[in-house]
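Chemist: These are the residues of each chain, in order.
There are 2 protein chains.
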Amino acid sequence: MELFIPGPVNVNKELREELSKPMIGHRSKEFSELYNELIPKLKKLTQTRNKVFISTSSSTGLMEASIRNTVSKKCLNLVNGAFGRRWHNITKRNGKKCETISKEWGEPIRKGDVEEKVKEKDIDCVTLIHNESSAALENPVEEISEAIPDDTLFLVDTVSSMGGVDIPVDEWDIDICLFGTQKCLGLPPGLAFFTVSQKAIEKSKEVKDKGYYFSLDRFLSYDSKDQTITTPNIPLLYVLNQQLEDILNEEGLEKRWKRHKEMAQITRNWAKKHFDVFPNKGYESKTLTAVENTKNIQVTKLIQKLRERNYLISNGYGKLSEKTFRIGHLADKKPSQLRNLLKEINDILDLV
Amino acid sequence: MELFIPGPVNVNKELREELSKPMIGHRSKEFSELYNELIPKLKKLTQTRNKVFISTSSSTGLMEASIRNTVSKKCLNLVNGAFGRRWHNITKRNGKKCETISKEWGEPIRKGDVEEKVKEKDIDCVTLIHNESSAALENPVEEISEAIPDDTLFLVDTVSSMGGVDIPVDEWDIDICLFGTQKCLGLPPGLAFFTVSQKAIEKSKEVKDKGYYFSLDRFLSYDSKDQTITTPNIPLLYVLNQQLEDILNEEGLEKRWKRHKEMAQITRNWAKKHFDVFPNKGYESKTLTAVENTKNIQVTKLIQKLRERNYLISNGYGKLSEKTFRIGHLADKKPSQLRNLLKEINDILDLV
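If you read the sequences in order, they're chains F and U. Here the first sequence stands for residues 657 to 1008, where the numbers follow this note's numbering. Here the second sequence stands for residues 657 to 1008, where the numbers follow this note's numbering.
Think of the hints as simulated: they come from the structure by calculation, not from any bench. Given the structure is predicted, the values throughout are model-derived calculations rather than measurements. Be aware that one or more of the hints could be misleading.
Remember, identical chains collapse to one label, so a pair may be satisfied in a single copy or spanning two.
Pairs of lysine-lysine residues, derived as DSS-like cross-links and limited to a Cα-Cα distance of at most 27 Å, are as follows [said to hold, decoys possible]:
#, residue 1, residue 2
1, K753, K961
2, K775, K914
3, K864, K729
4, K979, K730
5, K911, K669
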């Protein structure tokens, strides 16, 4: 099945075969060697000098980790979609004080929306989704970052964009930046990563009730031994190492970002010709497109017919179901493969 | 490398190749079909009618899950090794009231040790490690279970025994039983499982501050849709499905348990002949053996020499380092492979 959903993504055969390599012990010398290859590559990918940790969890687990380790006063959750809402739910569910600033799905969060609020003394953390895949919108992280005071932590989910889009973590002053294997990295699901600034590490020392599994002091202590905290998915680390090599030194980051931009442009042009693009102009995601269903087609039927042709796309997320449909164009997909999908849709819907 | 450590374990080539199968979407029909094959097999494996959930975490994550979801008054942590101690640390770190009953490493926890304490009104949960791999000891779960009052929850870690040892979850009244892929199941690390009784589910409803990632209500809600909560490691689910098929219908559970017993017996006989067995007689683990270093050999050197011959065993855990060494005999290892390892040790140490 050709996956054009917002993730998981198709994984190249050569990479999948790498999964079959024999197992090594996670407290062995061989493991530490692998670890010491991986961490510098992850730092290059995220453009950071901060610590980078590997977690045996999904990225949602690291959203919980971020909140439990850093919020001691009050967290401001910026919400303009389902995943921004998830940050808020996680904050509440972990017994932390929090407030939201909300915008409609499809409208970006702007500096002007937050700059007064973030100055309030009791706000110590701000959460944001970079690429809000429920609305296929990219929030302007750099601009928002400018509004955030020095002593406030900025926690950003880049789950559906890191590796496909230029996200300079240090330049944008992101204290915690989290993502997983199964989106733009083009790998199977099963591991998540977060970059953590020194400021966040210091802050976490004064936070109580951090739990055990996701506690930063434990991540730090195992990192100093060139190991992960718990037994990680070792086969996935093998392919991650190979894929980061390909991304950094074969395709190259610049070219990878450019390819994602190109695929986004192709999809938007197609959408504008036949339907419309859902999020506000200038804030469309580069890794997936939400097509506004202006023709009032039956999306479920379209998805079913595409499935019969071996293609998978997504309906709109939650309340946008049937009102939009989403085409993922990320990871190792090629513009030619995307064009084939769009041709199939044209054929099914009789578009010319 | 031939792994004779307490895990991770060698994974058979045929299973590793299964990892390379193409990806499917985790919210797709294909995924739900896979899910509906997996859950009944996991129930057979654990001999339960309780719910079984799949978690994208290591088993340690599910220890945290168990504690956060069930303890509202006070937890009694039974400790006779490093992993029993971990239960206690997790309980404390999650801000729960707790107490321990401790025995020396190598001494089992018996019914008589706990039966008075567990009657105290404020104790609502009891934690235990079935197979305490730090001391290579098997705690008598069934016997301890008899002492636990009906309204108290019994949380048991079977990480290094489930799939290799007969653990009838329902018969032994285990409310939460947790384990992972990387030990007796003979698979790569990366996923964990827990069985959860109706009593534990009811109890969790009255517990506050359960967090988000590991909250039981979310596990339940996705299970009702035949899905996992977050994007799981899909390749690992493929091999799990294949391996459970092999365990249940190819080798058969009874034979698998018997093979583990046989390998334990071989290792103990060898240990008694040349050294001694560390834990108390009658409570030795069936999946790994801690050899008491009565000859005062240099364990690190032995491990190094075995490594040169392509075998990996483990030093004693923590404070038992050099005083013991540990040989894992679990998952899909054959008695003949184990005998080869012992021959190599004999050869290195000049034992006859």
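Chemist: Hint by hint, note whether the structure agrees.
Modeler: Here is how each hint holds up against the structure:
Proximity of K753 to K961 under the C-alpha cut-off of 27 Å is found in neither arrangement, the shortest distances being 47 Å within a copy and 56 Å between copies. Neither within a single protomer nor between protomers do K775 and K914 lie at most 27 Å apart by alpha-carbon distance, with minima of 36 Å and 66 Å respectively. For the homomeric pair K864 and K729, the shortest alpha-carbon distances inside one copy (11 Å) and between copies (20 Å) are both at most 27 Å. Taking the closest pair of Cα atoms, K979 and K730 never come within 27 Å of each other, the shortest separation being 35 Å inside a single copy and 50 Å across copies.
Proximity of K911 to K669 under the C-alpha cut-off of 27 Å is restricted to the intra-copy arrangement: shortest distance 21 Å within a copy versus 36 Å between copies.
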